[in-house]
Amino acid sequence: MAVSKRIVLHFPPRLVNRPIVYRLVKDYDLEFNILKASISPEEEGLLVLELRGNRQEYEKGIEFLARTGIKVQPLSQDITRDEDRCTHCGACVTICPAGAFVLNPATRVVSFDNEKCIACGICIAACPPRAMKVQF
Amino acid sequence: MKTISEINEKIKRGQAVVVTAEEILDIVKEKGIARAAREVDVVTTGTFGPMCSSGAYLNVGHSKPRIKLGGGRVYLNDVPAYTGFAAVDLMIGCTALPDDDPKNRAHPGEFIYGGGHVIEELVAGKDIRLVATAYGTDCYPRKKLETLINLKDINEAVLFNPRNAYQNYNVAVNLSDKTIYTYMGVLKPKLGNANYCSAGQLSPLLNDPLYKSVGIGTRIFLGGGTGYVVWQGTQHNPGVPRTEGGVPRKPAGTLAVIGDLKLMKPQWLRGVSMQGYGATLAVGIGLPIPIVSEEVLRYTTVTDADILAPIVDYSETYPQRKPDSLGEVSYAQLKTGKIKVQGKEVPTASLSSYPRAVEIAQTLKRWIKQGEFTLTEAVAPLPGVESGITFKNLEDRPIVE
Numbered sequence: 001m002a003v004s005k006r007i008v009l010h011f012p013p014r015l016v017n018r019p020i021v022y023r024l025v026k027d028y029d030l031e032f033n034i035l036k037a038s039i040s041p042e043e044e045g046l047l048v049l050e051l052r053g054n055r056q057e058y059e060k061g062i063e064f065l066a067r068t069g070i071k072v073q074p075l076s077q078d079i080t081r082d083e084d085r086c087t088h089c090g091a092c093v094t095i096c097p098a099g100a101f102v103l104n105p106a107t108r109v110v111s112f113d114n115e116k117c118i119a120c121g122i123c124i125a126a127c128p129p130r131a132m133k134v135q136f
Numbered sequence: 001m002k003t004i005s006e007i008n009e010k011i012k013r014g015q016a017v018v019v020t021a022e023e024i025l026d027i028v029k030e031k032g033i034a035r036a037a038r039e040v041d042v043v044t045t046g047t048f049g050p051m052c053s054s055g056a057y058l059n060v061g062h063s064k065p066r067i068k069l070g071g072g073r074v075y076l077n078d079v080p081a082y083t084g085f086a087a088v089d090l091m092i093g094c095t096a097l098p099d100d101d102p103k104n105r106a107h108p109g110e111f112i113y114g115g116g117h118v119i120e121e122l123v124a125g126k127d128i129r130l131v132a133t134a135y136g137t138d139c140y141p142r143k144k145l146e147t148l149i150n151l152k153d154i155n156e157a158v159l160f161n162p163r164n165a166y167q168n169y170n171v172a173v174n175l176s177d178k179t180i181y182t183y184m185g186v187l188k189p190k191l192g193n194a195n196y197c198s199a200g201q202l203s204p205l206l207n208d209p210l211y212k213s214v215g216i217g218t219r220i221f222l223g224g225g226t227g228y229v230v231w232q233g234t235q236h237n238p239g240v241p242r243t244e245g246g247v248p249r250k251p252a253g254t255l256a257v258i259g260d261l262k263l264m265k266p267q268w269l270r271g272v273s274m275q276g277y278g279a280t281l282a283v284g285i286g287l288p289i290p291i292v293s294e295e296v297l298r299y300t301t302v303t304d305a306d307i308l309a310p311i312v313d314y315s316e317t318y319p320q321r322k323p324d325s326l327g328e329v330s331y332a333q334l335k336t337g338k339i340k341v342q343g344k345e346v347p348t349a350s351l352s353s354y355p356r357a358v359e360i361a362q363t364l365k366r367w368i369k370q371g372e373f374t375l376t377e378a379v380a381p382l383p384g385v386e387s388g389i390t391f392k393n394l395e396d397r398p399i400v401e
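Protein sequences, first through last, are from chains A and B. Going by the working numbering, the first residue of the first sequence is number 1, and it counts up by one from there. Going by the working numbering, the first residue of the second sequence is number 1, and it counts up by one from there.
A portion of the hints provided could be inaccurate.
Heads up, simulated SDA-like pairs for lysine to any residue below, C-alpha to C-alpha not over 25 Å straight-line [claimed, not checked]: (1) A:Lys133 <-> B:Lys126; (2) B:Lys103 <-> A:Val102; (3) B:Lys335 <-> A:Ser111; (4) B:Lys338 <-> A:Lys36; (5) B:Lys178 <-> A:Gly99; (6) A:Lys36 <-> B:Pro189; (7) B:Lys335 <-> A:Ala98; (8) A:Lys133 <-> B:Pro266; (9) B:Lys190 <-> A:Lys133.
In short, the hints are calculated from the structure, not lab data.
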């Protein structure tokens, strides 16, 4: 059975030079789509991936990552909306490239769909009351 | 018909019939104008959006020994306040920024904290850092002051906004090939999105388009407390083209408002940051409209389909002050989520919160029904179409020494 998940990988400094994603493709036949990547000297690397493939192979691939010393988190935990600050103006709706903000046509209330979020971060600074928070 | 004092008698007896500018639509559909005008006493409106001409004046009390802040320098949470008044009177404007804010040096700037945020935190009851320097006088010897102030301890804190509640506004688009960062939000290149900013059919001045009801002295919902209209707002421009129903087809009337900050709530005065543009304050305003005639009621039945707004390019037309518009669109069209501009389908978004506007209209309705809020007779009218007011631009002239 196929599985597709968006995950956040945290690389310790000692691993940033190793071709980790290559192994996921080569050894576990997983497809990947990089949504965000950043590495800074003396700090950990960060990679946001959409990973697709056979469920068993996917599980093995994740195991491999963990064994190698990479911290794996599901992406949805990382972008949150501060419900107290959100005023439901709707400025985010057309800014989000993934369509993660949906306006209820009757009430004009804006809902945030974590599942669709690709953690690009565009909404963070574009939200006037700064209700969107990103935590990696 | 009823007079305002008759309506107030009903409010005090708890018998007033109060509905919002949304609810009135179905009532009139069902009962007709004449019967609805007899039965309904008040229609409430609301709007909640960024309003840059907002600020507060404070009297912080006298320190021991005394310091003359007037003519000196004062910072509230690092944001500069205006000190050109008496010894301990200050004014903080919502777009003021800390001196060390990077602003747009790294474009687009974030503008995370400004005067609007200071006002929000003050209203929320948080301590605010006041840092001041002064020149010292015989009667005000102190030259430095660093202290915390709190809303409950200072003499006065008054929200005083020279321009709020714009009657209609532009729909902003971007014809250029790069993203631009404006007071109308982030505009994506090549007509990537269209941003509007009005509560439309719930908006205060769109329900009283010819200022028949609102005037100087009108009591309103302001920032979660009560406030008053004190004057027409700056840039008040009643002479713009209007529809047959009197609704302006461009940004038109505005209100200057005032109210006791100590009675307001942070939920309705929200510091906001416009990326690449600046900091400002989202303000909640609600105007009650006493139904003293069929005519006044008819104006409150305006719907999103009746209100047209001009589509304006903010990459070239707006900054260069060119008059061109890319067409007109109704709020009903804007609210479908997409409009057509130059043959292209453009997704729309709002900067004004409609759910919050509804909540304001409902809150004001509840206050009136419970007898906590009575209506006022305007002391003087706002300048209308007949005033001949025109919108003046600044034509710069060389200074010859």
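Now for the hints, and whether the structure bears them out:
1. For the hint linking lysine 133 of chain A to lysine 126 of chain B, the alpha-carbon distance of about 22 Å falls within 25 Å, and the restraint holds.
2. In summary, the hint linking lysine 103 of chain B to valine 102 of chain A is not supported, as the alpha carbons are separated by about 31 Å, beyond the 25 Å threshold.
3. A C-alpha spacing of about 16 Å is found between lysine 335 of chain B and serine 111 of chain A, which places the hinted pair at or below 25 Å, so the restraint holds.
4. Between lysine 338 of chain B and lysine 36 of chain A the alpha-carbon distance is near 29 Å, which puts this suggested pair outside the 25 Å criterion.
5. Between lysine 178 of chain B and glycine 99 of chain A the CA atoms are separated by roughly 21 Å; this keeps the pair inside 25 Å, and the hint holds.
6. Note on lysine 36 of chain A and proline 189 of chain B: the hinted pairing holds, with a Cα-Cα distance of about 22 Å set against a maximum of 25 Å.
7. For the proposed pair lysine 335 of chain B and alanine 98 of chain A, the alpha carbon gap of about 20 Å is at most 25 Å, so the pair holds.
8. In summary, the hint linking lysine 133 of chain A to proline 266 of chain B is supported, as the alpha carbons are separated by about 20 Å, within the 25 Å threshold.
9. For the hint pairing lysine 190 of chain B with lysine 133 of chain A, the CA-to-CA distance comes to about 29 Å; that exceeds 25 Å, so the pair is violated.
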